[in-house]
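**Q** The chain contents come next:
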Amino acid sequence: MQAGTLSTFLKRGAIWGFILFELIFFSVAGAFLSLSDKAFMDLDNMLRLFKQSAPIGIIAMGMTIIMINGNIDLSVGATFALCAIVLLDSLTWPIFAGLGDWVIPVSWALALLTGVLLGAINGLIVWKTGVDAFIVTLGSMLGYRGLVFMYNGEQPTSHLNWTLVDFAETQFLGLHTATWFLLAVTLVIWFLMTRTIHGRNAYAIGDNREAAVNAGIRVGPHMMINFMIIGFLAALSAVVFYSESGSVNPNDGELYELWIITAVVLGGTKLTGGAGSVISTFGGVLAIQLLRKGLGHIGADTSTVNLVIGLILIAVLYLDRQLNRKGAEELKI
Amino acid sequence: MAQLTKSDIGGFLARQGILVAFAVFIIGFTLANPRFLDPDNIMGVIRSSAILGVMALGVTFVVISGNLDLSVGSMMSFSTIVVLDLHDKLGPTLAIPAMFAMTLCLGALIGFLVGYLKLNSLIVTLGMLSAIHGLTLTYSGGKNMDIADKEGTWFSVFGQGDALGIPVPILLFVLLAAFLGIVLAKTPFGRKVYAVGGNGVAATFSGIRRARVVFTCYLASAFCVATAGLLQASRSMGSQNTVGQGLELEVLAAVILGGASLLGGSGTIFKTVIGVLMLGFIQNGLLLVGLQFYVQYVVTWVIIILAVWLDIAAKRGTLWSPIA
Amino acid sequence: MTGQTPALRLEGIVKTFPGVRALDGVSFSVMPGEVHALMGENGAGKSTLMKVLGGIYQPDAGQILIEEAPTVMASPLEAKAKGVVFIHQELSLADELSVAENVYLGELPRKSFGRVDWDRLYADTERILDRLKVGFTPQTLVGDLSIANKQMVEIARALTVDAKAVIFDEPTASLTDAEKDVLFEVIADLKARNVGIIYISHRMEEIFRITDRVSVLRDGQHTGTAITADTNEEAVTQMMIGRKLDLSRNVAHHELGDVALEVRNLSCGHLYKDVSFKIRRGEVVGFYGLVGAGRTEIAETLFGLRDPSAGQILLDGQALRITSPTDAIERGISLVPEDRKGQGLVLGMNCRDNMTLPQVDDLKAGPFVAEGAEVAIFDQYRDRLDIRTPGWKQLVGNLSGGNQQKIVIGKWLSMHPNVLIVDEPTRGIDVGSKSEIHNLIRDLAAQGYAVIVISSEMPEVLHVADRIYALFQGRITREFTSEDVTEDSLVRAISGLADNGGAQVA
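Residue numbers (the numbering used here), protein chains in the order written: chain X, 101 to 433; chain Y, 2 to 325; chain L, 240 to 745.
The following block holds chain X by itself, in its conformation from the complex (with noise of 0.2 Å):
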């Protein structure tokens, strides 16, 4: 019993432990090749680390609930770019034309439709025709940056409206918006997760979904409502983001799949399911963005970020594995 706990607090503790070591090495790193002349622990460079976690990190807790919940999105960087063209679009259509800046809540509640919209399929999808959510999102990934490409083809769509830009670059208690919205969501997530029956029976139908059906919980809607919490959740993130560049191309949001279950993984999040916390997937979320941030700070490029991280998430992969092996009495199979 106590290895199990131990090995349990090891997991839930090594995100932590990494985010530490991340913070001396490149303080430490950054320091000697003196690249840049301000510190890399600088409190602005902190608050900008977390508002540049928020787009990534808002879809992470989403994608932790799927994730735990034993399935998978692979539809979320389209789902985020469809919204985001839906927010900035509708910006501007002419029978809003009358509510001034009232017209920002209007735009805002039809991007978070859509995300609840698409995810919705998603699920339904799921539910429904029984096919793996591994497939049914690897192909709305492709159809939703369809969708993506057919509203405005090849060409951004953008539009600035300031007073959401001022809105989005509003600092309070020092912390940026899009920083706000991340706490919210994660707070929000974790309650969600850890306290209410929705939560605990995602855990019970990932860990064993035959019993979660035995025991009456109706696993097919209980997918869908995650699919389109995951939708609403990118569509957040989309507004959040979008509010202030105001600009977005139809490739926007590609990639984002592969960031965020790392993310998630990093957190711990079994891969089969039925284990997971969303603190540890905000966990997981600051240490990528550190990453990004920290080989920027001493100097490397872009490639540098893409192959640590993959390399990083292999690693891991590698390390869970060997601390829940079982040593010389496990079957060699």
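No lab work stands behind these hints: they were computed from the structure.
C-beta: ideal position from N, C-alpha, C; glycine also.
Hints may contain errors.
Have a look at the derived ranges for each label pair, beta carbon to beta carbon [stated by the list, open to error]:
(1) Ala474(L) to Pro323(Y): 39 to 45 Å
(2) Ile433(X) to Lys151(Y): 27 to 33 Å
(3) Thr243(Y) to Ile433(X): 36 to 42 Å
(4) Gly239(Y) to Leu149(X): 34 to 40 Å
(5) Ala362(L) to Ala415(X): 30 to 36 Å
(6) Leu95(Y) to Leu133(X): 34 to 40 Å
(7) Asn657(L) to Glu310(X): 50 to 56 Å
(8) Thr243(Y) to Ala415(X): 21 to 27 Å
(9) Gly92(Y) to Ile433(X): 44 to 50 Å
(10) Pro323(Y) to Lys580(L): 19 to 25 Å
(11) Arg503(L) to Thr294(X): 42 to 48 Å
(12) Ser347(X) to Arg349(L): 42 to 48 Å
(13) Arg627(L) to Glu310(X): 53 to 59 Å
Chain X is fixed; fit chains Y and L onto it per the hints.
**A** Quick look at chains Y and L alone, frame taken from chain X:
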């Protein structure tokens, strides 16, 4: 027992269903634009499908052995960039084997991680997708690669040449498909691939060295990717770093469309070729009737879901999933 | 019991699957406060019947009546709500959740905003756990519990509702004797509360210890119900199999050859310790012990799937290290594994390919598999083992359990091994095939093979083995020959007791 016999018939019908849908597409496209069935057009479709097709052959091995390979796209970018770069440095005769060796090393690494270390192939190849992309960018310094003297080299023969009146890419695709098809269907190795994918534990209990089989499948996949990179480089004689980006999904789509199960143990090279051609013709048909390339994404989405759905519906005997 | 209303009654239940009539007009009832045993071979329809009762399957015809009121069980949840509760054989628990969450899985108490009412959840669970006298708390993670304690959690679930009928499906499979006693107390307690109990088990001694009536299913039909006190094991077995299974003691003796395999002081971590035995050509050796006694692990070591931590394996007098199944097969050691579907066969492959799988590298014509040679091997062993299949192209997954097992045996026989290890050779196999496989094992010995039979069925070991090693907690406690073995001494040996009642040094 009769239950399964019945579902075999159902499976056959489901497969036919996809072919019927495909036939409807073909007829529709032909009516919309008679050029669709023009021999030149058909040749063009096969030719432009060749690169995707070659990659799909390798991924078929990986999928039948019960694993995934999401790294083939970025690996293809790598091969293309490397062979273009080495072409000007070493000349084509040395550049090609050097590129194959480097790509096979990457395949061996993945094979080692998935086969011998038994790590989850989805995550390993997702990680490799990113890592190899980074490697390519580092290698090229982020710049596009071009062959300096495009006229003074025979390198273009793979992508642009003809042999016996057939474009070389098609010839290579057909030869490789025939070779790998025979390996998979007729040799002891092929048999082991099916056994490992069908039930890896039982394969181990039958004395099959599972790790070695998985390793070899990834090598095969890397070999196909290197061939695809060669075709791509030779066709365009210059390339961006991201030329293969996203191809892993199209490749997987073709393999699934061909009817291979992602759970492993089923699929054939022939079916994959059919899947590749279906994707190619649909894409071409949509372009010919004047639709943009991205409409194809949406159509592919619908087709993949329908194909897999009909397949599993036939196996379980009901159209709708019994999940409450 | 006459005059009373049955707690639960099934009438003329029919359930067909495409091509199979799984239940053919089964009628059956449980009285309040009665323990009713349901018996039958694997495949007789017990689990289908229970799934109909539990709302997982809908019957094609027939009725379910609760206290004589016709009912439709649309889902497991509905069955539970109507007072019919299941205790599953395969643990249906979520390891990452707490005991309390598992006990109330699917029905967590709700507060505002869909929150879990933890206080109530823990208090309610505590109350149930007290009744079961277990030594863990509602907050414990289920993943940290032993298998027996997990079983207790499973039982605790049944106590959450005001049950009219509780179904126990092989509840004692993984319990120790002390834990069994607790379980039987729980059953007695339920009985005293006028709950009807359906008790599914293969273990005759339990049936005769705790049940009031026994009903038997065979091939989807109800073959009879008897009052337990008025019947005996033989009569029940007769009802189950329709004819007698020959389980007479093994007396056939023939010349034994040299020692084929010898094991000296073999250990593997905590799994087993200091195991020594030998086996001669022409001999059948039985390994008898409870699940978890280390039997399968020893076989897996001999087959190269585990590395021993100490000791020696000698094949034909030569000490050697076996590092992989490939290695073991090359040296002529074969294993027919315990889990036929999981470890023995690739179900999606055809019969021929499964049978020739280990030697596919040797059956070559040029670079290709010599399919003609494969078919020849298949035909030879199909005839020799009497495998009933329409042809080699048939997928193995479509065969019956007995025929599947013969494919696995044929797979190894066709490679002419020195030592054949069969782990639970007749688990989940119908009676006819059972005796065929027993005869086959005897025949193989007569032909000079050295055969190890691992089994948890005493009659089976007594029937086929020339010598028996009894295992208890990872050690060989005694060795018997077929002459000196008695059932009593065998039971004592696998329970860690000495023959004269005192505890033996383990």
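**Q** Please go over all the hints and tell whether each is borne out by the structure.
**A** Hint by hint, here is what the structure shows:
1. Alanine 474(L) and proline 323(Y) have their C-beta atoms about 40 Å apart, which keeps the hinted 39 to 45 Å range intact.
2. Separated by about 53 Å at the C-beta atoms, isoleucine 433(X) and lysine 151(Y) break the suggested range of 27 to 33 Å.
3. The hinted window of 36 to 42 Å between threonine 243(Y) and isoleucine 433(X) holds, with their beta carbons roughly 40 Å apart.
4. Taking 34 to 40 Å as the suggested C-beta distance range, the pair glycine 239(Y) and leucine 149(X) conforms, at roughly 38 Å.
5. Checked against the hint of 30 to 36 Å, the pair alanine 362(L) and alanine 415(X) fails, with Cβ atoms roughly 45 Å apart.
6. A hinted range of 34 to 40 Å holds for the C-beta pair leucine 95(Y) and leucine 133(X), which are about 37 Å apart.
7. Between asparagine 657(L) and glutamate 310(X) the beta carbon distance is about 42 Å. The supplied range of 50 to 56 Å is therefore violated.
8. In this structure, threonine 243(Y) and alanine 415(X) meet the distance hint of 21 to 27 Å, their C-beta atoms being roughly 25 Å apart.
9. Range check, glycine 92(Y) to isoleucine 433(X): about 48 Å between beta-carbon atoms, so the 44 to 50 Å window is met.
10. In this structure the hint that proline 323(Y) and lysine 580(L) lie 19 to 25 Å apart at CB holds, the actual value being about 22 Å.
11. The hinted window of 42 to 48 Å between arginine 503(L) and threonine 294(X) is violated, with their beta carbons roughly 54 Å apart.
12. Between serine 347(X) and arginine 349(L) the Cβ separation comes to about 45 Å, which falls inside the hinted range of 42 to 48 Å.
13. Remark: the range hint 53 to 59 Å for arginine 627(L) to glutamate 310(X) is contradicted by a beta-carbon distance near 32 Å.
Violated hints, listed in ascending order, are 2, 5, 7, 11 and 13; each of the other numbered hints is respected by the structure.
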